[in-house]
Amino acid sequence: MPLGEFAPSRAFTLGVELELQIVNRHDYDLAPGAADLLRLTGKRKLAADVKPEITSSMIETSTGVCERHRDVITQLLEVRDALVEDAGKLNLRLAGGGTHAFQDWSRRRIFDTPRFKQVSQLYGYLSKQFTVFGQHVHIGCTGPDEALWLLHAMSRFVPHAIALSASSPFVQGTDTGFQSARLNSVFAFPLSGRSPFHLTWESFKVYFEKMRRTGVVDSMKDFYWDIRPKPEYGTIEIRVMDTPLTVERAAAIAAYLQCVARWLAKERPFEPQEDDYLAYTYNRFQACRFGLDGEVVDPITAVHRPLRELIRETIDAVEMHAIELHAERGLMLLKDTLSLEHGTDAAWLRAAQERERYLPEVVRQQCLRFEGVAP
Amino acid sequence: MNPTLVGFFFRSHPSPARHVLTQQAWPMRQHGAPASNDDAMTESLWTLVTSPWTLSPNTLLGAAVLAVLAALAGEAVWRLWRWPRLVGYGLVGTVLALSGNSAGGNEPALRLAIDGALALLLFEAGARLKLRWLARNPWLLATSVAEALLTGIAVFVLLQSLGLPTEACTPLAIVSVCVSPAVLQRVVGELHAAGQVTERLLALAALNTLYAVLAMKLLSAGLLLSDPRTWLEALSPVLFSFCGSILLGAALGEGLALIARRFDLREDNGVVLLLGAVLLALVVAKTLQLSALLVPLLAGIWLANRSERPWVWPRHFGSAGSVLVLVMFVAVGSAWTVEALSSAASVALGLVAVRALAKALVVVAFARPSGLGMGQAACLSISLTPLSATAWVLALDFAARHPAASVQFMPVLLASLALLELLAPLAVMVGLRAAGEVDAQPLHGRAA
Numbered sequence: 415m416p417l418g419e420f421a422p423s424r425a426f427t428l429g430v431e432l433e434l435q436i437v438n439r440h441d442y443d444l445a446p447g448a449a450d451l452l453r454l455t456g457k458r459k460l461a462a463d464v465k466p467e468i469t470s471s472m473i474e475t476s477t478g479v480c481e482r483h484r485d486v487i488t489q490l491l492e493v494r495d496a497l498v499e500d501a502g503k504l505n506l507r508l509a510g511g512g513t514h515a516f517q518d519w520s521r522r523r524i525f526d527t528p529r530f531k532q533v534s535q536l537y538g539y540l541s542k543q544f545t546v547f548g549q550h551v552h553i554g555c556t557g558p559d560e561a562l563w564l565l566h567a568m569s570r571f572v573p574h575a576i577a578l579s580a581s582s583p584f585v586q587g588t589d590t591g592f593q594s595a596r597l598n599s600v601f602a603f604p605l606s607g608r609s610p611f612h613l614t615w616e617s618f619k620v621y622f623e624k625m626r627r628t629g630v631v632d633s634m635k636d637f638y639w640d641i642r643p644k645p646e647y648g649t650i651e652i653r654v655m656d657t658p659l660t661v662e663r664a665a666a667i668a669a670y671l672q673c674v675a676r677w678l679a680k681e682r683p684f685e686p687q688e689d690d691y692l693a694y695t696y697n698r699f700q701a702c703r704f705g706l707d708g709e710v711v712d713p714i715t716a717v718h719r720p721l722r723e724l725i726r727e728t729i730d731a732v733e734m735h736a737i738e739l740h741a742e743r744g745l746m747l748l749k750d751t752l753s754l755e756h757g758t759d760a761a762w763l764r765a766a767q768e769r770e771r772y773l774p775e776v777v778r779q780q781c782l783r784f785e786g787v788a789p
Numbered sequence: 002m003n004p005t006l007v008g009f010f011f012r013s014h015p016s017p018a019r020h021v022l023t024q025q026a027w028p029m030r031q032h033g034a035p036a037s038n039d040d041a042m043t044e045s046l047w048t049l050v051t052s053p054w055t056l057s058p059n060t061l062l063g064a065a066v067l068a069v070l071a072a073l074a075g076e077a078v079w080r081l082w083r084w085p086r087l088v089g090y091g092l093v094g095t096v097l098a099l100s101g102n103s104a105g106g107n108e109p110a111l112r113l114a115i116d117g118a119l120a121l122l123l124f125e126a127g128a129r130l131k132l133r134w135l136a137r138n139p140w141l142l143a144t145s146v147a148e149a150l151l152t153g154i155a156v157f158v159l160l161q162s163l164g165l166p167t168e169a170c171t172p173l174a175i176v177s178v179c180v181s182p183a184v185l186q187r188v189v190g191e192l193h194a195a196g197q198v199t200e201r202l203l204a205l206a207a208l209n210t211l212y213a214v215l216a217m218k219l220l221s222a223g224l225l226l227s228d229p230r231t232w233l234e235a236l237s238p239v240l241f242s243f244c245g246s247i248l249l250g251a252a253l254g255e256g257l258a259l260i261a262r263r264f265d266l267r268e269d270n271g272v273v274l275l276l277g278a279v280l281l282a283l284v285v286a287k288t289l290q291l292s293a294l295l296v297p298l299l300a301g302i303w304l305a306n307r308s309e310r311p312w313v314w315p316r317h318f319g320s321a322g323s324v325l326v327l328v329m330f331v332a333v334g335s336a337w338t339v340e341a342l343s344s345a346a347s348v349a350l351g352l353v354a355v356r357a358l359a360k361a362l363v364v365v366a367f368a369r370p371s372g373l374g375m376g377q378a379a380c381l382s383i384s385l386t387p388l389s390a391t392a393w394v395l396a397l398d399f400a401a402r403h404p405a406a407s408v409q410f411m412p413v414l415l416a417s418l419a420l421l422e423l424l425a426p427l428a429v430m431v432g433l434r435a436a437g438e439v440d441a442q443p444l445h446g447r448a449a
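So the protein lines, in turn, are chains A and B.
At the far end of the first sequence sits residue 789, using my numbering, and the numbering has no gaps.
At the far end of the second sequence sits residue 449, using my numbering, and the numbering has no gaps.
For the record, the hints were derived by calculation from the structure and aren't laboratory data.
Hints are supplied without guarantee of correctness; some may be wrong.
[As the list claims (entries may be wrong)] Under the rule of at most 27 Å between Cα atoms (straight-line distance), these lysine-lysine pairs were calculated in the DSSO-like manner:
| # | chain 1 | residue 1 | chain 2 | residue 2 |
| --- | --- | --- | --- | --- |
| 1 | A | K619 | A | K680 |
| 2 | B | K131 | A | K457 |
| 3 | A | K644 | A | K680 |
| 4 | A | K465 | A | K644 |
| 5 | A | K465 | A | K680 |
| 6 | A | K503 | B | K131 |
[To be verified] FRET-style restraints, in silico, Cβ to Cβ:
| # | chain 1 | residue 1 | chain 2 | residue 2 | range |
| --- | --- | --- | --- | --- | --- |
| 7 | B | A65 | A | S606 | 30 to 36 Å |
| 8 | A | P528 | B | G277 | 50 to 56 Å |
| 9 | A | D707 | B | I260 | 37 to 43 Å |
| 10 | B | D269 | A | K465 | 39 to 45 Å |
| 11 | B | R262 | A | D707 | 29 to 35 Å |
| 12 | B | R262 | A | D495 | 30 to 36 Å |
Backbone N, C-alpha and C fix where the C-beta goes; we use that ideal spot for every residue, glycine too.
All chains, please: the whole structure from these sequences, using the hints.
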């Protein structure tokens, strides 16, 4: 499938995708309920869309094109309430979080569509280990070159997004020590990581065709990059976030990325360059491992600084844009996260496990939090 | 299974003890033998310790050989065809029945194993039933009530039209309502089935077992109370048994919840605690003549519903439970006799067919509003066939109290058990496979 033309969209419009965990109410392990849930939710008229994901215990919801943080939160709350109600009828429950705390990956079933079966055949156990749950944020761009410029400018903020959303400390029943262990499964894919440095659509097209000729990829879908252009939507898609435990945090992170994008595009505080990627994987590791307490390095100045400080500064820097975009409420939530020592979702999960010492109960509380019942 | 086969247990119990356990309260003694047999028992135990054993099927040999055969048969059907191992246990039982060695259900040690296994399985079945689900999905509750009612009525009408007397029709109709949670637990566990059909199957079975046990208690009480000569004397034991079973079930559930909070039930020590508590409650229930079926079932339901905290323990409480479950399935598999089957086969066939039809009708009719696809409803209907240990024990207990009626209904029940013993686990497997809720496992070697 050739790359296709970039369909321009309105600048800084937002779209949010959330991959959610479907669990049973008996032992709170993942449950293969996607098809049943889709059958029930499909009967509803919702602003957001609901789709299957690669294994049958995941479900993905995506908002329509949103202008403001408020649109995102309204749509996400609506679809969340609908899904929670339908799951209840099926004796299932939904949770946020980047990983399921104790699922056994070998037990997962691949959702029955040709593409998922094909991916599963190619990647083998990786595709089952890929039972991780992410948030993707689309940001509208007026043209392809603008999109590529923004894509590479945003790469400095990838660690911010990871640290703010980190909600996957537990994998296969153990505490990994990471704040976001989910990304470790993503990195196992051969076409994951940063995207190649092309600032014009023409040169990107050449790269894509070369790759396609090798037979390694067929479409943009085969690239699992942290940020990738989505020509048919006219967006760039930021894919490094864990699904947060609440839709409120998901919307807030989307608002943060929207404000940063507008600030970058309007004020051009720096020009993206290949050298931005010198410390890219190191910084991303710091964010995954230590979250807000991770220290990232500026590849140009070589200064090391904690992410908590950098995010606080960025929120201040984008203030005017936040006012323009009516995103203040979202940023407020993130500021609260920064000021608390254990404000992140990963810290919340660890605190719950510290208290209960019983991961099924932690998952149950995670469900309550997603449903908006638990604080 | 006659005493020669699980001989070890029976040898130590002289014959007067045989019928005591099912018909009377258990005395609070370690072996359940009446006091007068104490000396004889001590003596036979002593002989067992000091003198060399004779190799005859009448000793531990019989039980051991059976366990080995059942395990081998179970593994064979699993390796060859990926059938549930349970079918293998049933096969060994069938061979016993065909060779004229049917289990009568009255041998004390065997009955002890069966009651123990059933208690564990019913406790597990109860613990899977989330009452809040019924509140969130009232159509599921409606399905459950309607399928139980229609099954009972349809079987009753059929048996009456075939000329069976009412006093035999009623218990049979009630027993037909319940779908064996024991078989379901076992097959679901072995196949690692998970999904909507599995969930509903387990919920419906737990509910209709609850209805059947309660209805049987009511029927038994009704028969006792309807006799003008005995009703006054019967009243207080009936009330005591009814309320006592419910209270003991709740107490066990609550007690376990309070203690088990501090344990990890996935670990051996926690399992021993759980196993001990359930068996202890069984002993108390037997001693006070409460329902050995109702108490564990209610305890499970209470534990699962008093708070939303999830409880996770190894299936059938680990290996100790698995041994009891194996013994139970071999015994139930051998419960029928060739004479019973040949005399009542046609009636039993009618019962099994009408029962399946009634359940399927309701499940399919209520599928859409309860959020189930039509294909899933068909799979669920097929899976709702098992009739096993619960039905057998219900009937045995009823027969012990009302021997007159039992002559009429026991052959039909035993013939139905014989028909379904091997077919039902396969039906469950087929239903769950067709619903796509079973993990794909390669036919040879271990699952990847």
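Hint check:
A C-alpha spacing of about 26 Å is found between A:K619 and A:K680, which places the hinted pair at or below 27 Å, so the restraint holds. Distance restraint check for B:K131 and A:K457: the Cα-Cα separation of roughly 26 Å lies within the 27 Å cut-off, and the hinted pair is therefore satisfied. Of the supplied pair hints, the one linking A:K644 and A:K680 holds, its CA atoms being roughly 21 Å apart against a limit of 27 Å. For the hint pairing A:K465 with A:K644, the CA-to-CA distance comes to about 18 Å; that is within 27 Å, so the pair holds.
Among the hinted pairs, A:K465 with A:K680 is inconsistent with the structure: their alpha-carbon atoms are about 35 Å apart, more than 27 Å. At roughly 12 Å between alpha-carbon atoms, A:K503 and B:K131 fall within 27 Å of each other, so this suggested pair holds. Take B:A65 and A:S606: their Cβ atoms lie about 57 Å apart, and the range 30 to 36 Å is violated. Remark: the range hint 50 to 56 Å for A:P528 to B:G277 is upheld by a beta-carbon distance near 52 Å.
Checked against the given bound of 37 to 43 Å, the beta carbons of A:D707 and B:I260, roughly 40 Å apart, stay inside it. One distance hint, 39 to 45 Å for the beta-carbon pair B:D269 and A:K465, holds here, with the actual separation near 43 Å. Between B:R262 and A:D707, the C-beta spacing of about 34 Å keeps the proposed range 29 to 35 Å intact. With their beta carbons about 32 Å apart, B:R262 and A:D495 fall inside the hinted range of 30 to 36 Å.
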